[in-house]
Amino acid sequence: MSASSETVEKRLTRMALVRKRFARNKLAVAGLVILVAMFVLAFVGPFFGKHSWDSLDFFNLLQPPSREHFFGTSQIGGDVYALTLRGLQKSLIIGILVAIFSTGLAAIAGGFAGFYGGKVDRSVMWIIDALLVLPSFLIIAVMSPWFRGRTWLIFVVLLAAFGWMITARIIRSATMSLRERDFVRAAIYMGIPARKIVFRHLLPNVASILIIDATLNVGGTILSETGLSYLGFGVQPPDVSLGSLIAEGTASALTYPWLFMFAGAALVLTVLAVSFVGDGLRDAFDPGSAMGKKL
Amino acid sequence: MSNNLIEIRNLAVSFPSEAGVVQAVRDVSLDIRAGEVLGIVGESGSGKTVMSLAMIRLLARTASISGSIIHDGVDLLQLSDDAMSKYRGKEISMIFQDPLSALNPVHTIGHQIIEALQIHSEMNKNDALKRAIELLEIVGIPRPAERAQSYPHEFSGGMRQRVMIALAIANRPKVILADEPTTALDVTVQAQILDLLKTARDMTGAAVVLVTHDLGVVAGLADRVAIMYAGKIVEIGPVEEVFAQPAMPYTIGLLRSIPRIDTVGSSRLTSISGAPVSPINLPKGCAFVPRCPAASDVCTVKTPELVSLSPTRMTACVRQGEIFALQDAGKLFQTGPVHVAPETTSDEVTLEVRGLTKTFPLMKGVLLRRRTGSVYAVDGVDLVLRRGRSLALVGESGCGKTTTLIEILNMVAPESGTISILGRNVAELSRSERLGMRKDLQIVFQDPFASLDPRLPIGDAIAEPLGNFGMSKADQENRVKELLELVGLNQSQASKYPNEFSGGQRQRIAIARALALNPQIVALDEPVSALDVSVRAGVLNLLAELQEKLNLSYLFVSHDLAVVQHVADDIAVMYLGSIVESGPVRDVFAHPKHPYTQALLSAVPIPDPKIERTRTRIILQGELPSPANPPSGCRFHNRCHVRSTLSPELAEKCSVVRPEMLKIGTGSVACHAPLK
Ligand SMILES: Nc1ncnc2c1ncn2[C@@H]1O[C@H](COP(=O)(O)OP(=O)(O)OP(=O)(O)O)[C@@H](O)[C@H]1O
Ligand code: SF4
Ligand code: SF4
Ligand SMILES: [Mg+2]
Chain L
1 MSASSETVEK RLTRMALVRK RFARNKLAVA GLVILVAMFV LAFVGPFFGK HSWDSLDFFN
61 LLQPPSREHF FGTSQIGGDV YALTLRGLQK SLIIGILVAI FSTGLAAIAG GFAGFYGGKV
121 DRSVMWIIDA LLVLPSFLII AVMSPWFRGR TWLIFVVLLA AFGWMITARI IRSATMSLRE
181 RDFVRAAIYM GIPARKIVFR HLLPNVASIL IIDATLNVGG TILSETGLSY LGFGVQPPDV
241 SLGSLIAEGT ASALTYPWLF MFAGAALVLT VLAVSFVGDG LRDAFDPGSA MGKKL
Chain V
296 MSNNLIEIRN LAVSFPSEAG VVQAVRDVSL DIRAGEVLGI VGESGSGKTV MSLAMIRLLA
356 RTASISGSII HDGVDLLQLS DDAMSKYRGK EISMIFQDPL SALNPVHTIG HQIIEALQIH
416 SEMNKNDALK RAIELLEIVG IPRPAERAQS YPHEFSGGMR QRVMIALAIA NRPKVILADE
476 PTTALDVTVQ AQILDLLKTA RDMTGAAVVL VTHDLGVVAG LADRVAIMYA GKIVEIGPVE
536 EVFAQPAMPY TIGLLRSIPR IDTVGSSRLT SISGAPVSPI NLPKGCAFVP RCPAASDVCT
596 VKTPELVSLS PTRMTACVRQ GEIFALQDAG KLFQTGPVHV APETTSDEVT LEVRGLTKTF
656 PLMKGVLLRR RTGSVYAVDG VDLVLRRGRS LALVGESGCG KTTTLIEILN MVAPESGTIS
716 ILGRNVAELS RSERLGMRKD LQIVFQDPFA SLDPRLPIGD AIAEPLGNFG MSKADQENRV
776 KELLELVGLN QSQASKYPNE FSGGQRQRIA IARALALNPQ IVALDEPVSA LDVSVRAGVL
836 NLLAELQEKL NLSYLFVSHD LAVVQHVADD IAVMYLGSIV ESGPVRDVFA HPKHPYTQAL
896 LSAVPIPDPK IERTRTRIIL QGELPSPANP PSGCRFHNRC HVRSTLSPEL AEKCSVVRPE
956 MLKIGTGSVA CHAPLK
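Top to bottom, those sequences are chains L and V. At position 260 of the first sequence (counting the first as 1) the number is 260 in this note's numbering, and the numbers step up by one without a gap. To convert a position in the second sequence, counted from 1, into this note's numbering, add 295.
Since the hints were made in silico from the structure, they are not lab data. For every residue, glycine included, the Cβ atom is placed at its ideal position computed from N, Cα and C. A few of these clues could be false.
Quick look at which bits of chain L chain V covers, simulated, 3 or more residues with Cβ under 8 Å [as the list claims (entries may be wrong)]:
1) 169–183
2) 186–192
3) 202–215
4) 280–288
So that you can see chain V by itself, here it is in the shape it has in the complex (with noise of 0.2 Å):
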């Protein structure tokens, strides 16, 4: 007998759609090994979430399935509903994106893991009750006793995920199936939660089947990895050798395409063209034909099979051969020109912002509403943006990052602090001024599917800011066509609906929008968080070559550190309401000198195997504070860890005076703690 756990063979998985059938996972087969850590990555509506999800038989109705799903010598796809839900949860148990829906919300977090536990085993009221505390006491949850009496909505995001945990470890499953369990959550959680994770698979010895499209978290976590393209497995093998010498054009392509932290100054970023398929009436052949560099006429005729290519590796591609003996199989995709941060730039500065301060009222009460204290979303933020730079403004969900982006655009006199856009006090602006200057300061959002009107074709979307500032006819025409092309489109695109556009096109669409009245800053709302991985390189590619050749100023908000590092020149690193540290990328990347800046760097997941294995870690207690009720002092005293390491007389001091920003080197950092 061979060691798989699960055993599936020629697994397909279609659903009835209106444009026709939605062929979601097409003939697959994959073996899962007792305790192995199987990573499973592809792009949105690849097909991964319905794989995973046809091994515990929770499709929908609709779903048509064919194929085998072999445990322990049962098919499970012949079993009935009932034989099934034993096997569920006790063989093999699933933790979702969003544990608040995969949680009961009227059950408490107790109550839930002893029904787990009672279903697939006798145990008394009692016994099940310990077992569920001392279950939630591993997966770290504090006061496990008395949080088992809450309900799922009183735990923060992090705290729910582990709560998922605890119940899929809670009846010793086989396999552990984890659909993107980190993806909601923040960095500094994520590295919490993946921690967790590989621990409760050292613990049950189960195997887990992770999941994700963060490449970094496969890097970190798993053993083998899969990787999937329109409803088929076109790449597998050991994590490693595939991140080594990835043999399968778009593993190839999207490898190469995703920014890193760890590669300060080299900014080349491959990009695949075109925008993932969807898996309804595809031709056949390869599905990655109409992206594919290497792509023949072979392609067309023939569907590829997943084949081996060395006793532990396995790819579909019909010139599987002569693609993996390519020297340097990278220069087979288009990079993105190399970003150098401009040294030449002018010292003016086009955006300053000084002790801003945004506070939203807490209102209780039902019939008489008052107020009963604030929320510090933004508490004394400074920012400096150059012409021709871009300054990144970083920091977890909920840091006040976005609040921060609308108070500058509202132009108006903030609550306190000043706001100068190109020099001038935006509170000192007359209405009409203020109008005219909106053409200077332009943003791009985050959703590109929320950002542009379902109902606008999109050319008149981007004529829409000509026209309002007085544009004739004629000349709105030529700059609608200028504009496309600037950002990769053509003139008869514009005349289509948003709807008929990928992710990546319909940012580009929202781009040359921004851009229509020739603004001098724009600002940038996390602009390629919402894209698929494949498709973020050529947008970061395009916005780095737009403010080449515009000379803009970028304010870029965004989470992701890759990201910034590759398109950003200096940072500006936010926590709850104010920032700890700004300087130059290059310096704080190098050496963040804030500990909170740190941890946030070495939470990131590098999409390297070998520097992300032996990588040292800092894993930060506790989540993001609530900004009605900050810490005192320093707001990163309760999670700093740096602060157990100092002298009694300065972690006082630290829970006390909040630290001012000091000018250290090329940067500025608040802390208390003496700095190199």
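Just chain L, same shape as in the assembly (with noise of 0.2 Å):
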């Protein structure tokens, strides 16, 4: 099929729509360039440092920054800057892996179970309460040492599999109650399979949720790991994370300042970044919100 050359105006799809109203909101796109440059930092940047994040310097302890260390150094001897970037690296991967995948479980257990209702919710919500009661961190430590030496990859699917009960719950309940909605019975109508259902109309409808609930379970995720990492597994020490740094360094804050502020403001400036890109997205979805009128 050719496409025909003289369509003055060529339909935008709802993806089309919803890229172009994001890029209309300048913040969120600050938020989306920042996110890329804190990627690229915690990538790149390491090559530009003079020391890697594993090698002491015994003849610096707990310098402040200088041209040696451009963040200062710690008490051992790391290099704060290098040890940072390899902070941010962790984090940000474990935040936004996290986000995604609990959220994204929450969608599609919520959007299932309150759609079909009936025996399919009946299954999930029995899931989601005994996961509820369980008490996931006696279980994770109990499987710590199966998971010990393993990829850290496992502690994020651990942490996405513990942290979606509640957003799954609020997620069926709203599709329960958009199913009853004519635009959901007019779609089963016109035979629209249910998992189309489900990703086309019902999710959508709650992206405002989801949207939220993703951006808070970032910033949520990255402090909460070091938690675990206590359990034994996920970021193990000599290793680090944002967390970590955080926790270590905010006992001398006031003595050794660059010990803390620079993994702080990395961790405020993703969180900020990410609930940008997140206001963003929601105002993108939603054709009620003031940015989107200006189409």
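Fit the two chains together into the complex; they arrive one by one in their own frames, and the hints show the way.
Okay, here's the thing in structure tokens:
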């Protein structure tokens, strides 16, 4: 089929519209740029430093930022610049992956449970209730010997697996009421399969909840990850994450501010950027938002 | 002194909103005369409610109000809240559209009337109770002493509205404001309430301000009518004169755009283009300019004032004189095609329903839920729809119309009975055949605000079924364009979200989506009842045009008989889950045979004061019984007005034996009474 060349104005699909509306939101675009910049910094930055994160400079202990050590050094002579970037790598990936996995899982479980109702709903709700009453920390602790030494990505999966239930419940009740709406019934009578109804009609209509959840999850995960690393997996010392750097640095925040400041700033910047992007996405998806009206 | 009870002068009400200042009422001056019934008509958002709420000062705190409302030499707008509450209910009382939210759910009906009585007069409890029971009796509540102990939720909609009227007349007010008092009710109940309102007026001698969008109601009840558009009164005058010769273009269009049940055969509906304006950032000049066929340059420059046309009438139109002098002002507007029942259509049956039954379990108990009974939502329905024709399924709310439709659309074997679509029994369809059949049967829902996904651009919504049935992307684009043009929209609107369209446009989009797969049957569930009166005609004309062009079969579900008369060829009248009469629309409307059909038709108000006032009306007793506990024998026997004229044996039979559908003339009727 040849696309007619004389079509004056091409029809924009939802994805095209969402992209366009997102692009119009300056703050959101700035957020996205910052986020990309953080990734670049985390992965490319270390090549510009003079020390690697795991080498120790015994002649410079607890030195303030200098030419040699851009962000200063730690108590044992670690290069804070290299450590911060190393932590940023881990935390960015963990934060964003966990947010995507857990919110995604919540969306899918809640969306399908709400749409199908009946048996599917009962099974999903049973799993959710079971996971909610199970002491997740205890389980992780019991299982931790098995995780030891394995890739820290398991950690991401675990964090996501224990963090989706509340959101899934919210999504479930939201989709349950959406299911009764005529536009969903119209889709059913047009023969649209359930999978498409959930992804095309139900989830976009609860996009605001999902986006807020994902946004909060990024910051939350980065901070709570340290708590779990005490249990013996995740990011293990001597390896670092933003969380662990902040946890260790806070004690000496006033006396040796560089230990804490840079990791703290990286975290604040990441969380801010993510929330700008989240707000932008939310407005881009919501045709009622003032941002979108200007099209 | 004039006999004006209330003089409204230069009333303006506006609300702040995100999009700008909403000028809900703009410079309205109006007199309400003692003892008159003043009808206020206008589309949704035209400011009717805001104006009437301003009179009893019940507007939201954010409202800014200017002008004056003089009653008895006092400007109500200047009164303190305390002083105003002495007027409310005593001098001016109000009847709301939704009586459930206007009544206090935690107090008994009797308590609320007693309270209303005691606020405004020194009455002791016993006298007040006596008077309350008396009032309930006046408004037709059976066993009033007993019912006074009931709570609002124990009453049906019609009964609650009766209680509201009792409350409204309790203190013999001088003015009763009734805001859409019957909009939420079924026609047969509406007829009862309108009747009661008349009685209430006669008893109290109060002036009644009747706010409504139904011109038929105004034609029957009002002495004068005021038509509102975008916050302004654009025409006012005696009902007979305005209906006989409307003088402002909007009124002209409006009166010609409404379908009427009494004009069988001539189905021309005038359609007013465009959509009602929202009263935000209104430009200078006449607000009707974008839709007015008579608009000229002066209209955008000069803001029309409400000025006298004759001693009794006023209009707001800068071309007042010219337009009033026109011989046939109706020619100003476009009219739709004349819809003639297609005689030439084949006899091919596209949809056949036999003995369809659907019951819902009635559950009781909190811990152990068990089935204690059944709701007979649909109980033996027969329908036959032929190619290229429209079959209307009519009946009051709760009679099972929508359930019937859903059962058909589900395309699975019903509880009992059969459904055949295009000659195939749906019970025998395989999964993939059923999916294929969905192409042939599509639906348009009642509320276009609910039937389109708010987060899906309309182009995507229309393309959705196409993609689902495997059409290529490029073909989809062409088809979307074609469909949008078919329903009178254009390609450039495809990338917009539903919230950027008006109700009428949305319904067009929903129709385009339903037609995407080239269906042969389209189910229309009250397709215009959620739309503004002035845009209904456009959608109805479109439906008629499409049917002719595409040879569609319509299954048209509606409670609005006037609309049915205009679009349908055949009709099936439903009462409490079963069909009581069916046949060609023309014959059924001209000579309704079943007592229920007769009552239903006589209850529909006709927007013509001459006819409406001289008609004899059958006012039914009571309301639709609950389908969980349907009456024995003929389901209609407890409300039937014919039964009392029958011989005792026949009357007995009515309450014992359920009548069968029998072929009589061109139609079928289920009734024991001997019919001509
Ligand atoms: N409390 C409020 N705040 C803001 N805007 C309001 C408020 N109440 C009414 N409006 C606006 O004022 C305008 C007139 O509303 P109004 O309720 O009087 O219309 P109406 O003619 O009674 O319509 P309907 O037929 O739907 O009852 C509308 O645009 C409405 O959105
Ligand atoms: S003033 Fe002009 S636009 Fe308004 S109704 Fe009259 S002719 Fe039409
Ligand atoms: S069968 Fe009897 S009760 Fe029923 S409609 Fe006919 S006359 Fe009335
Ligand atoms: Mg209103």
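Comparing the hints with the structure gives:
1. Coverage of the stretch 169–183 of chain L by chain V holds in this model, with 3 residues showing a Cβ closer than 8 Å to a Cβ of that chain against a need of three.
2. Given as covered by chain V, the stretch 186–192 of chain L passes the check, having 6 residues with a CB less than 8 Å from a CB of that chain where 3 are the minimum.
3. Chain V is given as covering the stretch 202–215 of chain L, and this holds because 3 residues of the stretch bring a CB closer than 8 Å to a CB of that chain, at least three being needed.
4. Under a criterion of three residues with beta carbons nearer than 8 Å to beta carbons of chain V, the stated coverage of the stretch 280–288 of chain L is upheld, 4 such residues being counted.
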